[in-house]
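A.B. asks: Dock chain D against the given chain B, drawing on the hints supplied.
Which chain is which? The protein sequence lines are B and D, in order. Take the first sequence: its position 82, counted from the start at 1, is 84 in my numbering, and no numbers get skipped. Take the second sequence: its position 137, counted from the start at 1, is 237 in my numbering, and no numbers get skipped.
Derived by calculation from the structure, the hints in this document are not laboratory data. Just so it is clear, the structure is predicted and the values come from calculations on it, not from any experiment. Backbone N, C-alpha and C fix where the C-beta goes; we use that ideal spot for every residue, glycine too. One or more of the hints may lead you astray.
[Stated by the list, open to error] What follows is a list of derived Cβ distance ranges for each label pair: (1) F25/B - Q292/D: 21 to 29 Å; (2) P487/D - F241/B: 36 to 44 Å; (3) V127/B - D333/D: 17 to 25 Å; (4) D333/D - E26/B: 32 to 40 Å; (5) D333/D - E131/B: 18 to 26 Å; (6) D204/B - D383/D: 48 to 56 Å; (7) D204/B - G276/D: 52 to 60 Å; (8) E131/B - N231/D: 26 to 34 Å.
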Amino acid sequence: MAENKWTVNFEIYRQKGQGAPKFETFAMEVRPDEYVIDAVERIWAFHDRTLTYRHACHHSTCGACGMRVNGVEKLTCITAIQSITRNGGTVRVEPLRNFPVVSDLVVDMGKMYTRLEQVGFRTTVPLNEAPPPDSQGIQRDRGASTELERLVDCIECGMCISACPVPLTTPDYLGPAVLAGAQHRGLNQSSAQVLALVDSSDGVWRCHSAYECTAVCPSSVEPAWRIMDLRKQVVKERFKRIYG
Amino acid sequence: MSKPSVIIIGAGFTGVATAHDLAQRGVQVDVVERGPIANGTSGRTHGLLHSGGRYAVKDQESAIECIDENMILRKIVPEVIEPNGGMFVAVDESDLAYGEDFIEGTQACHIPIEEIKPEEALKMEPNLNPNLLAAFIVPDGTFDPLRLALSFAATAKSNGARFHTYTEVKNLLFDGKGNVTGVHVWDRTNGQERDLYADITINATGAWAGEIAAMAEVEVPVKPTPGVMVAYDRRLVERSINRLNKPGDGDIVLPQRRMVVVGTTSYSVDNLDYVPVIEEQIDQMLEQGAQMIPSIRQAKPRGVYTATRPLVGSGTSGRSIARTFKFFDHEESGVGGFVTITGGKATTLRLMAEQTADHVCEKLGVSTPCMTKETPLLSYRLFYSLPN
Numbered sequence: 003m004a005e006n007k008w009t010v011n012f013e014i015y016r017q018k019g020q021g022a023p024k025f026e027t028f029a030m031e032v033r034p035d036e037y038v039i040d041a042v043e044r045i046w047a048f049h050d051r052t053l054t055y056r057h058a059c060h061h062s063t064c065g066a067c068g069m070r071v072n073g074v075e076k077l078t079c080i081t082a083i084q085s086i087t088r089n090g091g092t093v094r095v096e097p098l099r100n101f102p103v104v105s106d107l108v109v110d111m112g113k114m115y116t117r118l119e120q121v122g123f124r125t126t127v128p129l130n131e132a133p134p135p136d137s138q139g140i141q142r143d144r145g146a147s148t149e150l151e152r153l154v155d156c157i158e159c160g161m162c163i164s165a166c167p168v169p170l171t172t173p174d175y176l177g178p179a180v181l182a183g184a185q186h187r188g189l190n191q192s193s194a195q196v197l198a199l200v201d202s203s204d205g206v207w208r209c210h211s212a213y214e215c216t217a218v219c220p221s222s223v224e225p226a227w228r229i230m231d232l233r234k235q236v237v238k239e240r241f242k243r244i245y246g
Numbered sequence: 101m102s103k104p105s106v107i108i109i110g111a112g113f114t115g116v117a118t119a120h121d122l123a124q125r126g127v128q129v130d131v132v133e134r135g136p137i138a139n140g141t142s143g144r145t146h147g148l149l150h151s152g153g154r155y156a157v158k159d160q161e162s163a164i165e166c167i168d169e170n171m172i173l174r175k176i177v178p179e180v181i182e183p184n185g186g187m188f189v190a191v192d193e194s195d196l197a198y199g200e201d202f203i204e205g206t207q208a209c210h211i212p213i214e215e216i217k218p219e220e221a222l223k224m225e226p227n228l229n230p231n232l233l234a235a236f237i238v239p240d241g242t243f244d245p246l247r248l249a250l251s252f253a254a255t256a257k258s259n260g261a262r263f264h265t266y267t268e269v270k271n272l273l274f275d276g277k278g279n280v281t282g283v284h285v286w287d288r289t290n291g292q293e294r295d296l297y298a299d300i301t302i303n304a305t306g307a308w309a310g311e312i313a314a315m316a317e318v319e320v321p322v323k324p325t326p327g328v329m330v331a332y333d334r335r336l337v338e339r340s341i342n343r344l345n346k347p348g349d350g351d352i353v354l355p356q357r358r359m360v361v362v363g364t365t366s367y368s369v370d371n372l373d374y375v376p377v378i379e380e381q382i383d384q385m386l387e388q389g390a391q392m393i394p395s396i397r398q399a400k401p402r403g404v405y406t407a408t409r410p411l412v413g414s415g416t417s418g419r420s421i422a423r424t425f426k427f428f429d430h431e432e433s434g435v436g437g438f439v440t441i442t443g444g445k446a447t448t449l450r451l452m453a454e455q456t457a458d459h460v461c462e463k464l465g466v467s468t469p470c471m472t473k474e475t476p477l478l479s480y481r482l483f484y485s486l487p488n
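Looking at chain B on its own, in the form it has when it is part of the complex (with noise of 0.2 Å):
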């Protein structure tokens, strides 16, 4: 495996303040197991100053490196460039969509962490009620997990929200990540305000069931899941709330 290296044309969005957007194309040398993340980052190094894009953590913890990845939406700290494309490949790297382009791959997601805030949406969660171990030979804690936490798996990348088809159309609609959020929290544990948010036109009942959300998450969340439990949720609590 030493010095296994390929060269791979990165085609980067552009675009600055008001400008019109356009593809720069650095051929880049890359191993084949780097993340695409690694390089984007030596593009603004090694060749340009200018590129502008979100990351922090380089491990799938912090959500903030997600962009669309010849065309799908990617988790680019964790994606590895052997398994997108080949020795002399093109990746096409864009900012997610369905958020405002702040500069290059840097978008505002200012409007989702508002409506994470809204409804709630838990960052910690007891370790009893965190989803069980999904692989074999993994084992649980079994003294005094119930009073352990752990923090949760959505890592707020809004990946979801860029996969979905429904925002294209209704820009109001909440989004995948904020109704996961909000089933997540619980109804029942939730004020009046929030279950008015997510029982309208731009809340639980605009998901088209595209499942895109589910496709595209890097965390295993579920939020399709997610959302149409929030839809027995919001069932559950009108009726409570109409007959006590």
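C.D. replies: This is chain D only, laid out in the frame that chain B set:
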């Protein structure tokens, strides 16, 4: 009457925590950062909220800072922390021999530890090496690095601090007598350049501190020291697992969401803007990590990355340099209005900020005391919704 003002260069842990501290004391704060929040070393931290156990034998000053700050962060920013504690485990005779020093050291640093039987440790963490010889419980935790930084930044913003991200300092501004009066910056989102002025400019650029200091022709003895970390795709432990021995490579395994992260190593580089992964060290992380958690071998690497620590001191070997942070008032070198804070570690970010702000406030004539120990931080999400 205008408020006293500072410019902070760098929105890593040091910068955002200092912004919060100073904004709360009524100082007008502008933070300039060439990328997004915590895009350098801070964002790529492994995320261990240190109990101090790791430093209790060799570097007790750091150890005491860690345990004290650990307890404070749990209180002021619980939403980004997994508070589950950690273990130091012995898997060979050398580890076992270190145990005595460890007990002594942690006692000297008031770090509460509890020795448990190997059977009990295995019950708590079933994926531990079944041949472990000894285990100690410590009050470690893990945190989400970006969200920790954003929580400080959001709270700073709520107190009037302004954050200029994607804004790179091209050079410092001087008053003609050698004192710094501000920064000349380049907004990378639109290409525009402008000047920002303040009473004091704080260089909080961590591993890059030497590069900014050079703009004022002063030196800071920071030794950038990268390390490799590997995230695996299974959450094999619920607590941080540390090797019961003197700090070495690959001796920490941390849970994070559905992953574990194994770290780290220690080497040196010339170019800080892109630090490549040293491939052999990926295997090294697996070998070292598997000595404590053998089932790492059944997991797949999910992310491999490096972070560059800003170690301070003039020693030669990376690991033995004290991790304690250092504050430099460049007035002592004839450059007024310009200070540097660097070194330290993520767990001590609040303390670094407090001590920096104390010095800066004294220079500014601000007498308001530090309040950050008792102030719960706002939700990190508010960073994106509060006005700048």
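A.B. asks: May I ask which of the numbered hints given earlier this structure violates, with the numbers listed in increasing order?
C.D. replies: none
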